[in-house]
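> Listed here are the chains, written in short residue letters.
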Amino acid sequence: MQPKSAGAELLREFWPLIVLSIGLTLVVVVIQLIGDNITSRTLTEALIRMVVVVSLYIFIGNSGIISFGHIGFMMIGAYGTAWQTMDPMIKDIFIPGLPGFMLDYSSHWILATLAGGLLAALVALISGYALMRLSGIVASIGTFALFMSFYSFYLQWSTWTAGQSTLPNLPVTTTPWVGLAFSLVTMLVAFLYARSRFGLALRASREDEVAAKAAGVNVTFQRLIAFTISAFFCGMAGGLYGHFLGLLTVDTFYLPVTFITLAMLVVGGMQSLSGAVVGTLVISFLIEFLRKFEAGFDIGGVILDLPSSSAEVGLGLVLLLILIFRPAGLTRNAEFYWPWKPKVALATFSKRQS
Amino acid sequence: MAYAIQVLIDALSLGSFYALAALGIGLLFGVLRLINFAHGDFITIGAYALIIPSAATQATLFIGDFAPIVLIPCIVAIVVIVALISEVTVFRPLRSASPATLMIGSFALGFILQNLIIMIYSGRPKAVGMWSDLSAGVKLMEGVEVPQLQLIIISATLIMLTSLVLFLKRTKYGIHMRAAAEDFRMARMLGVKANRVIMLAVAISGMLAAAVSMLFVVQTGILDFRMGLPLMLFAFIATVIGGMGSLVGAVVGGYTVGAVSILLQTFLPSEFRAFRDVFVFAFVIVILLLRPQGLVMSRSAKERV
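Protein sequence lines, in the order shown, are assigned to chains A and X. For the first sequence, this note's numbering gives the first residue as 1, with consecutive numbering after it. For the second sequence, this note's numbering gives the first residue as 1, with consecutive numbering after it.
No lab work stands behind these hints, which were simulated from the structure alone. Note that the structure is a prediction, hence the values are computed from the model and not measured. Note that the Cβ used here is the ideal one computed from N, Cα and C, for glycine as well. One thing to keep in mind: the hints can contain errors.
If you want the footprint, here are the derived chain A segments under chain X, 3+ residues with CB under 8 Å [unchecked claim]:
hint, stretch
1, 106-114
2, 259-265
Now the in silico label distances, taken between C-beta atoms and shown as ranges [to be verified]:
hint, chain 1, residue 1, chain 2, residue 2, range
3, X, T162, A, R195, 57 to 63 Å
4, A, V172, X, R95, 44 to 50 Å
5, X, D133, A, L330, 54 to 60 Å
6, X, R95, A, R41, 53 to 59 Å
7, X, F62, A, P88, 53 to 59 Å
8, A, F101, X, F62, 34 to 40 Å
9, A, R41, X, I81, 48 to 54 Å
10, A, I18, X, K193, 41 to 47 Å
11, A, R195, X, K169, 42 to 48 Å
12, X, I81, A, E207, 40 to 46 Å
13, A, G100, X, V286, 30 to 36 Å
14, A, G35, X, A194, 50 to 56 Å
15, X, F62, A, L33, 40 to 46 Å
16, A, E288, X, R291, 45 to 51 Å
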């Protein structure tokens, strides 16, 4: 049975994106309505992580290469943004190494965040030009080495980043609504990219690199596109994060964040946008839930009190269980497809298309 | 001349740490295709096992107070048991998964172990004075005085490497293990017991981790839940430089990384010295791009289509 009009066709095509966007917006609205200031902060952090995880999906999901390096791009974006939005007076004191025109310059946080993302994308373009020739686990190791060199560099580059101390007094502009807006845009781009011929070519190389090359796909180039796009959004997420915390330290962008964001993607299902979104939501709720227990939780008069860092241990266990028992993630790497499909179409139209 | 010898001994003793840790990672990569991110946490566990479990700031030695003849087997046993439990509960169920999945799995394992240590011992660094008389200097020749400990580290490493080589070359199980590292499926078809070989590799890897943790604690005198991480990272670099899956490569890589670090430390102009690690990690990327098979080519590393 053919859909009746172009509108219905479009609705069906964009169904996964529509479901996810509406679902996410509803979750945010409900939490904002019932929650207090603290839940609102947690929510903002989760939404910033959503941007990171969806941009991880753009690269990892489509290329099949696990990247341990994207938090480096988040850091580059965060500092790139902060260089523009900080008060010039404070810049003079903490990061006097900035070139003169940067010291006096300041711009609106939206523009600054975009520029921070562009900086991260530029770095990704240059480093990816070399790295994207690698495949499989060697490529993963390469992204890890890249991440470590960025991290050690920023840690020592004290005239620009304040090194091992803190960069204070960033304007706090990231609200849950800002986080939601950026998440929705990232999801839209991720969805459109995956549907574009570039996304298709990259997924072909994920399934069989040799066959894709034989069919004329320039694998290095396709990977580089995804790498750059995802670094752009990671960089913007970094900018948002700085303006959420109000301060920056290089240590914020180290292995724990890498671990949490990768865990979110793997738990949801690496190869679908729905997986990225669902994974982020589920893990964020789980962490919050365990944190509540760490603080002491009252159940029918009995106060349950878990030792500190149980949230982290719990997160690690959940990730291991998912890896072992459901390696394709909660969504089994599938999108939320149009549910009212005729039976015949279902048989020919595999659900595992992503 | 005297200065050169001093630098050489520094490089050798740092390289020994990296070589031992790299060998622990390389062994598992050989048989399991697993890059064990949790190896650093095995090292940390070995170090923390020396003291009484408590969140107190002051560390009280427990096993660390025993005579070396009892202490060393105890620590080795603890780390080996942790490693074997990890194998059975985490790596075995993931055995048929892709190397990248395994890598994430070991990342998760390391994260869990690290946070368990924080839970039990608290996250604050603790000072531990164990065998502190070993850091006394020894006069080798005119103008060259090195801590006794460095010589112990170098010779202990040499002894361990030699015995490992003898084990791998001369014993039945050693030969099984090398066969499994070469071609796991073929080795199984020829009657090598997969689980036994893997358990053995994991146990040896745990022993090496225990050795590193004891030597490292004596050298630094500090316990920190992140102490294994830099060792693991540099050892990991060493295995990449040496060639993944090659055991000789892991040792060569370990000493190379040690030597490069010390040389950069010594000869870089002071304003660049802080960026030493950046150069080391950038060097890894260069190696990956120019010689993805590493300095020492292992026959099994070639990717087949």
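> Kindly indicate which numbered hints from before are broken by the structure, ordering the numbers from low to high.
Hints 1, 6, 8, 9, 10, 11, 15 not satisfied by this model.
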